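Sequence order for the protein chains is B and Z. Residue numbers for the first sequence follow our numbering, beginning at 1 and rising by one. Residue numbers for the second sequence follow our numbering, beginning at 1 and rising by one.
Derived by calculation from the structure, the hints in this document are not laboratory data. Since the structure is predicted, the reported quantities are computational estimates derived from the model, not experimental observations. Note that CB positions come from ideal geometry on N, CA and C, so glycine has one too. Treat the hints with care, since some could be wrong.
[Unchecked claim] Cut-off 27 Å, straight-line C-alpha distance, at most; resulting in silico cross-link-like pairs (BS3-like, lysine-lysine):
id, chain 1, residue 1, chain 2, residue 2
1, Z, Lys24, B, Lys326
2, Z, Lys24, Z, Lys43
3, B, Lys35, Z, Lys75
[Stated by the list, open to error] Take a look, some chain Z residues computed to stay more than 12 Å from chain B by CB distance:
id, residue
4, Arg57
5, Arg62
6, Gln131
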Amino acid sequence: MLLQITEPGSPRPPPVGLVVGIDLGTTHCVVAHVKEGKPHVFGFEGEGPLVPSLLTLEDEKLQVGVDLGKTLSSTKRLMGEGAKKLPLGDYSFTPVEVAGKILEHLKSLIERIGPLTAAVITVPAYFDEAARVATKQAAALAGIKVLRLLNEPTAAALAYGLETGAEGIYAVYDLGGGTFDISLLKLEKGVFQVLSTGGDLQLGGDDIDDVLAVSKGLSRKQARKIKEQLTSCEEWEGVHRSELEAIADPFVRKTLTISQDVLQAAGLSPEAVQGVVLVGGMTRMPCVQAQVEAFFKKPPLMDINPDEAVALGAALSADGLTHGSKTLLLDVTPLSLGLETAGGLIEKILPRNTPLPALASEEFTTQADGQGGMVIHVLQGEREFVQDCRSLACFELKGLPALPAGAVRVRVDFAIDVEGLLTVTAVEKTTGLSHHIEVRPSYGLDGKTLEKMLKESQRFGKEDVQNRVKTEETLHNKH
Amino acid sequence: MKRAAVGAENPSVFDPFSLLGLEKTYFLEARDLEKAYFEAQKKTHPDQFAQASLEIRQEASRQSTAVNQAYLSLKNPLARAEYLVGGKQESLPDPDFLEKIMVWKEQKEAGTLDLEEVKVTERHLFQEIEQAFRDNKLETVRMALPELRYVTSVL
Chain B
1 MLLQITEPGS
11 PRPPPVGLVV
21 GIDLGTTHCV
31 VAHVKEGKPH
41 VFGFEGEGPL
51 VPSLLTLEDE
61 KLQVGVDLGK
71 TLSSTKRLMG
81 EGAKKLPLGD
91 YSFTPVEVAG
101 KILEHLKSLI
111 ERIGPLTAAV
121 ITVPAYFDEA
131 ARVATKQAAA
141 LAGIKVLRLL
151 NEPTAAALAY
161 GLETGAEGIY
171 AVYDLGGGTF
181 DISLLKLEKG
191 VFQVLSTGGD
201 LQLGGDDIDD
211 VLAVSKGLSR
221 KQARKIKEQL
231 TSCEEWEGVH
241 RSELEAIADP
251 FVRKTLTISQ
261 DVLQAAGLSP
271 EAVQGVVLVG
281 GMTRMPCVQA
291 QVEAFFKKPP
301 LMDINPDEAV
311 ALGAALSADG
321 LTHGSKTLLL
331 DVTPLSLGLE
341 TAGGLIEKIL
351 PRNTPLPALA
361 SEEFTTQADG
371 QGGMVIHVLQ
381 GEREFVQDCR
391 SLACFELKGL
401 PALPAGAVRV
411 RVDFAIDVEG
421 LLTVTAVEKT
431 TGLSHHIEVR
441 PSYGLDGKTL
451 EKMLKESQRF
461 GKEDVQNRVK
471 TEETLHNKH
Chain Z
1 MKRAAVGAEN
11 PSVFDPFSLL
21 GLEKTYFLEA
31 RDLEKAYFEA
41 QKKTHPDQFA
51 QASLEIRQEA
61 SRQSTAVNQA
71 YLSLKNPLAR
81 AEYLVGGKQE
91 SLPDPDFLEK
101 IMVWKEQKEA
111 GTLDLEEVKV
121 TERHLFQEIE
131 QAFRDNKLET
141 VRMALPELRY
151 VTSVL
């Protein structure tokens, strides 16, 4: 039986100020909010709804959204590599810091309209734990309270499903500037359930731009312009559409291989999918639409703006989390969670596509008499060997009681919350002296490092960043 | 470091049927399970308590996790059968059967496995288990389950 969960006392009043959805994209960002029950994108004065995800240094001044020569772009692809330094003029920034600057800029745009209370920020469904944590850290740097991270295809499905009232099994095919995601969902009145998801974080429009740029001796910017023009023209600046399509073909094929895999994981055939919702700017390419249609054997659905769907869904989610929602989102973990075993092999403890929140419990015993500690290495990924997967946490349980081999028993819980974030808890229960530890993976970006980063970035910032670190740390400790 | 026997699915403390408010039976319609699952998630999912206190949210997370575990164990007919006969059966199938499994595994590695043959065996075992549940012969179910586990491990 389920216990009735109720809050004692009266319900809290809804917060004042703006609650928004932010699509923090590889090439551009979109912000939306819900007004009178309907989601709308913000059209920022002079900037339109699409804010380019660029960080530019000009005359010792940092600017976001404009391209003025010395620029960092498409850094979202590096979000999981937290500590990597990217040079910009005489300075360097980590991907987290760049995202922080972009979010700070979005916040200032939003606050022209009203005070920002909190936001739902979207991430690619295929983002691993490291990239998710990095996104939350970027929001902390920008001083934005995150209600929750939400997977991009799930957000798009929410926008599409609520707008059209669609029910049944739908695929969301999301091909953007930097990443590809596909999710299969069961849409029903009141519940949207993700059945399976897959993707590639290094597959997007940028790759096509790069190949076109190299083959024609152009800059990436010029190549992108030509690619965009070829959506409606047969020829532009001497490049024929068929040439671009030949370049795009291997990338599009790869998305279909992933689509096949995701269908298989859900035990479905392409025919079982009622509709395919296209999301992401790249789905404007006629050859992408044609290949998706051939694969799913039905014309894809394009009745929602592919650039705005994710932000609109994030806004609906933010509104629902604040004021209560009639539609529940049930999402899954995109990557398997495993433990290192003998010989550098991985044993899976939570397979991918497990519904969230999820928990796996494992019991370990000592192998030697008086063994005082044991090392537990947690990894994420589908491959069999440790070196091919993402290391999330490696920690030693110390101070185990001195007992014969096999007599010490340690239970380790691996919990993944609804945002896809992992917590590991270990309890040594043999002696009744419960030895309790909690691990939150942070990829070299622990509280101290974050504080240092914030200090370094102060020469560009005006606000009291120290306070933000404290807030973030308090939040972290609370969770 | 050595893995010990897993205690998470201890049936004495975790009843997936009652957690989802379902009748305790092997013959569970997929649609009924799903409906019960969705209803339970509407009551427990942490998103439904986003504005509540930390304590409430943690409790919601715990319950929502248990609901997911119950759903997964009932959705899979093998796990469902195992739960109904008191947990994972540790007994070994007879040597002839084990040898057949070995051969299949070798064939699979070599890429010469006839998948259809394995699937037919799986289907027969499921039919046997269904019939045994119908006749309330739980001992027959217990005997057949380890074989079924081995067969699914080949697939």
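*Could you work out which earlier hints the structure fails to respect and list their numbers in ascending sequence?*
1, 3, 4 and 5
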